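**Q** Listed below, chain by chain, are the residues.
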Amino acid sequence: MMAAVQSNETRRIHPHKFTLWVAIGSIVMMFAALTSAYIVKKNQANWLEFDLPRVFWYSSFTILLSSVTMHLALKAFKAREMGRYRTLITVTAALGLLFITLQYFGFRDLELRNIALTGPRSNSAASFLFVITGLHMLHVLGGVIALLVIFIRAYSSRVKNYSALPVEMAATYWHFVDVLWIYLFIFYNWIG
Amino acid sequence: MSNEAVVHTHHDAVHEVHGDHHEHHHHETFITKYVFSQDHKMIAKQFLITGMFWAVLGGLMSVLFRLQLGYPDSNFPWLHSLLGKWAENGHITPDAYYALVTTHGTVLVFFVLTAGLSGTFANFLIPLQVGARDMASPFLNMLSYWFFFTASVVMLSSLFVETGPFSGGWTAYPPLSALGDASPGSKTGMDLWLISMALFVVSSLLGGLNYIATILNMRTKGMSMTRLPLTIWALFFTAVLGVLSFPVLFSGFILLIFDRNFGTSFYLSDIFISKVGALPNEGGSAILYQHLFWFLGHPEVYIILLPAMGMVSEILSVNSRKPIFGYMAMVGSLFAIAVLAFLVWAHHMFVTGLNPFLGSIFVLLTLLIAVPSAIKVFNWLTTLWRGSIRFTPGMMFAIGFVSLFISGGLTGIWLGNSALDIHLHDTYFVIAHFHIVMGVASMFGMFAGIYHWFPKMYGRYLNNTLGYIHFWVTIAGAYMIFWPMHYEGLAGMPRRYYDYGNWESFKQFIELNRFISTVAMIVFAVQILFLFNFFYSIFKGRKMTQLNPYGANTLEWTTPLRPGHGNWPGEIPEVHRWAYDYGKDGKEFISQTAPVGADESHH
Numbered sequence: 001m002m003a004a005v006q007s008n009e010t011r012r013i014h015p016h017k018f019t020l021w022v023a024i025g026s027i028v029m030m031f032a033a034l035t036s037a038y039i040v041k042k043n044q045a046n047w048l049e050f051d052l053p054r055v056f057w058y059s060s061f062t063i064l065l066s067s068v069t070m071h072l073a074l075k076a077f078k079a080r081e082m083g084r085y086r087t088l089i090t091v092t093a094a095l096g097l098l099f100i101t102l103q104y105f106g107f108r109d110l111e112l113r114n115i116a117l118t119g120p121r122s123n124s125a126a127s128f129l130f131v132i133t134g135l136h137m138l139h140v141l142g143g144v145i146a147l148l149v150i151f152i153r154a155y156s157s158r159v160k161n162y163s164a165l166p167v168e169m170a171a172t173y174w175h176f177v178d179v180l181w182i183y184l185f186i187f188y189n190w191i192g
Numbered sequence: 001m002s003n004e005a006v007v008h009t010h011h012d013a014v015h016e017v018h019g020d021h022h023e024h025h026h027h028e029t030f031i032t033k034y035v036f037s038q039d040h041k042m043i044a045k046q047f048l049i050t051g052m053f054w055a056v057l058g059g060l061m062s063v064l065f066r067l068q069l070g071y072p073d074s075n076f077p078w079l080h081s082l083l084g085k086w087a088e089n090g091h092i093t094p095d096a097y098y099a100l101v102t103t104h105g106t107v108l109v110f111f112v113l114t115a116g117l118s119g120t121f122a123n124f125l126i127p128l129q130v131g132a133r134d135m136a137s138p139f140l141n142m143l144s145y146w147f148f149f150t151a152s153v154v155m156l157s158s159l160f161v162e163t164g165p166f167s168g169g170w171t172a173y174p175p176l177s178a179l180g181d182a183s184p185g186s187k188t189g190m191d192l193w194l195i196s197m198a199l200f201v202v203s204s205l206l207g208g209l210n211y212i213a214t215i216l217n218m219r220t221k222g223m224s225m226t227r228l229p230l231t232i233w234a235l236f237f238t239a240v241l242g243v244l245s246f247p248v249l250f251s252g253f254i255l256l257i258f259d260r261n262f263g264t265s266f267y268l269s270d271i272f273i274s275k276v277g278a279l280p281n282e283g284g285s286a287i288l289y290q291h292l293f294w295f296l297g298h299p300e301v302y303i304i305l306l307p308a309m310g311m312v313s314e315i316l317s318v319n320s321r322k323p324i325f326g327y328m329a330m331v332g333s334l335f336a337i338a339v340l341a342f343l344v345w346a347h348h349m350f351v352t353g354l355n356p357f358l359g360s361i362f363v364l365l366t367l368l369i370a371v372p373s374a375i376k377v378f379n380w381l382t383t384l385w386r387g388s389i390r391f392t393p394g395m396m397f398a399i400g401f402v403s404l405f406i407s408g409g410l411t412g413i414w415l416g417n418s419a420l421d422i423h424l425h426d427t428y429f430v431i432a433h434f435h436i437v438m439g440v441a442s443m444f445g446m447f448a449g450i451y452h453w454f455p456k457m458y459g460r461y462l463n464n465t466l467g468y469i470h471f472w473v474t475i476a477g478a479y480m481i482f483w484p485m486h487y488e489g490l491a492g493m494p495r496r497y498y499d500y501g502n503w504e505s506f507k508q509f510i511e512l513n514r515f516i517s518t519v520a521m522i523v524f525a526v527q528i529l530f531l532f533n534f535f536y537s538i539f540k541g542r543k544m545t546q547l548n549p550y551g552a553n554t555l556e557w558t559t560p561l562r563p564g565h566g567n568w569p570g571e572i573p574e575v576h577r578w579a580y581d582y583g584k585d586g587k588e589f590i591s592q593t594a595p596v597g598a599d600e601s602h603h
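Sequences listed follow chains A and B, in order. Just so we're aligned: the first sequence equals residues 1 to 192 in the working numbering. Just so we're aligned: the second sequence equals residues 1 to 603 in the working numbering.
Read the hints as simulated data drawn from the structure, not as lab findings. In this text the structure is predicted, and so the values were computed from the model without any measurement. C-beta: ideal position from N, C-alpha, C; glycine also. Some hints here could point you the wrong way.
Just a few of them, taken from the derived set where beta-carbon distance is under 8 angstroms, the chain A residues facing chain B [stated by the list, open to error]:
#1 15
#2 16
#3 18
#4 23
#5 27
#6 30
#7 43
#8 90
#9 91
#10 94
#11 122
#12 127
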């Protein structure tokens, strides 16, 4: 009977993976709330219009590229090409950090144009951009930490791990934060 | 693989799988068994007892501020001994009064009725009733409790800071919550309130993720969704509501933190504060916070109520010895309530200057909730109808829940009308409505659950006599406290006031207020009796000797008397039928694990 249960249940999604998807739904709700608050606020008086930092284009390209390397890393792991896999997740994590740095330069760019993000001189248009983008950066940072964990696992010679589950989950999350940024980028530019 | 894999990777439940029947096993230390436990049953008890701690504290706060409302001109020297500078001359100060009201609200809504109720029973019942060894992620589940615990410690510490805990109401509307200069409670107390609530949101999310993943992925063989007990359906929708609405509250809090600490203008505008002057902020909208808050706030009502509804459905059916009436209608109405919960938040904001046309849409959607609610009430009553009712204390509280839900629900129809709301908003009518329908009703659901599942939790029974005293005093007291408040509210008596002595029109209510306060003290005292019953029975209660004392069909009664981590010593039982085969084909009850016989009639 145990065997029957096993074969019956393997077709189901792993509960941890499913949990991740629900968590993603939850994160989506947070950003949906923030972007709808943005829309509400924008339609009220005293909204500052300004051009987005140019560097956001580069950061968008960076995070798209990191999704590609993450995808290749997962493929390499499944093919048991561990050398390639290690290189690729290192590149992915580095691109993630580069993305965060570029976003920071985006904020710097606004400050240099005398558009305050916080403080008494700030307009909520810039504050919203800062808070939403900042929260997204924290989520990317979380992804980098997850990559760091599976990276350390990949180098530890003590444990040989053949389960693709952690890597798959890290990849799902990574693509999610990528898509989330692309959504925010489109939102800032053309919707909000 | 899921069910086995999850527990195996985390704990030594492997032992139990291979037949280590004993409740105690040697790898568990005190720390891993009672403190940092990953066993869902222990986590449930941790949630319950922490929730009970808060219920006592929150209840005591209500007694203290009722003392002010009932006896506004009396001095109680012992209050000074208890509260120190917050009760100079034995008289609670206005600041302390508002701090007590605010903390009472926050604690009861979030710590008692969210964490204490759904945290306890989702943890306890989900794995046991769906047939799983533990949650999808026992580790996240443990984290969920410890985030709640940390939130509790931070909230508790805010009671002891010099400027007092937050005192701007449990909804924490800006500008009172966004400006440290607005009131003493808006200083450190509010910082601690925000930290505590942020931790609480994380706790709720971690818990909710787990509940959903467990219900959808870890059901035992044969346990299709339509065979789930209604408790599980209710807890499922509760978790979905929490996972989708708490992040919205969280985003509201983030913006609030920025306004408080980093000078942004999301909610703050150039208002004038006495002793401070005009604010430098420009263009903020305090209403924006209300939208974000109530987008959680309204689903929160159902996060509190649905677990109670689910447990009541189960307990009514078991103790009427009848199948629940209209199982699919019950599931459908839970679903309808969960959907509508997200579409009615603005009925909390009818008088904020909301466009009346928009208001009318929210009126319509709000009144629509009456439909699924009425379906549920009808089905509970028809489940009781001509049943062989066993009036156990759990059953009494379940019936009490139905009574309170009807009484409180009917006034919801009044308040859902934006026109009537112009008169009734911010009066005692609102207080009476939500305390009955959400507060006391959910407390009754929680008591029903505790009385009913206590034997499964601790292997002993609660004392029935004390249980009946607890029930009758509490239900009579609940109506005596909140029924008169409807009249006060209709007369226009506003909520949240410290002293009504200045109004000629409300002087007529001084005796009534005194009556309410007196009953509140008696009801509080009876809850202490329940606490005694609870803790005494854990150690000295009558021992449970039968595996299935109620003759119930659900899976938790197929586990050993005191199940270890992993719940079933052998294999997880297979399920062959729904949970409500009571009185079928001449049999009193048929457990879910019994295979369907050849000559059995179709349900």
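**Q** With reference to the structure, classify each hint as holding or not holding.
**A** Structure-based check of each hint:
Given hint, residue 15 of chain A at the interface with chain B, holds; its Cβ is 4 angstroms from that chain's nearest Cβ, closer than 8 angstroms. Using the Cβ-Cβ criterion of 8 angstroms, the hint placing residue 16 of chain A at the interface with chain B is satisfied: the shortest such distance is roughly 6 angstroms. Below 8 angstroms, beta-carbon pairs count as interface contacts, and residue 18 of chain A has one with chain B at about 5 angstroms; its hint therefore holds. Hint status for residue 23 of chain A: holds, given a least beta-carbon distance of 5 angstroms to chain B, under 8 angstroms.
Below 8 angstroms, beta-carbon pairs count as interface contacts, and residue 27 of chain A has one with chain B at about 7 angstroms; its hint therefore holds. The beta carbon of residue 30 of chain A comes within 4 angstroms of a beta carbon in chain B, closer than 8 angstroms, and the hint placing it at the interface holds. Interface hint at residue 43 of chain A: violated, since its Cβ lies 11 angstroms from the closest Cβ of chain B, which is beyond the 8 angstroms cut-off. Taking 8 angstroms as the C-beta cut-off, the interface hint given for residue 90 of chain A is violated, the closest approach to chain B being about 27 angstroms.
Taking 8 angstroms as the C-beta cut-off, the interface hint given for residue 91 of chain A is violated, the closest approach to chain B being about 30 angstroms. Against a cut-off of 8 angstroms between C-beta atoms, the interface hint on residue 94 of chain A is violated, since the closest Cβ of chain B lies about 28 angstroms away. Look at residue 122 of chain A: its Cβ gets to within about 5 angstroms of chain B, closer than 8 angstroms, so that hint holds up. Interface restraint check for residue 127 of chain A: the shortest CB-CB distance to chain B comes to about 4 angstroms, inside 8 angstroms, so the restraint holds.
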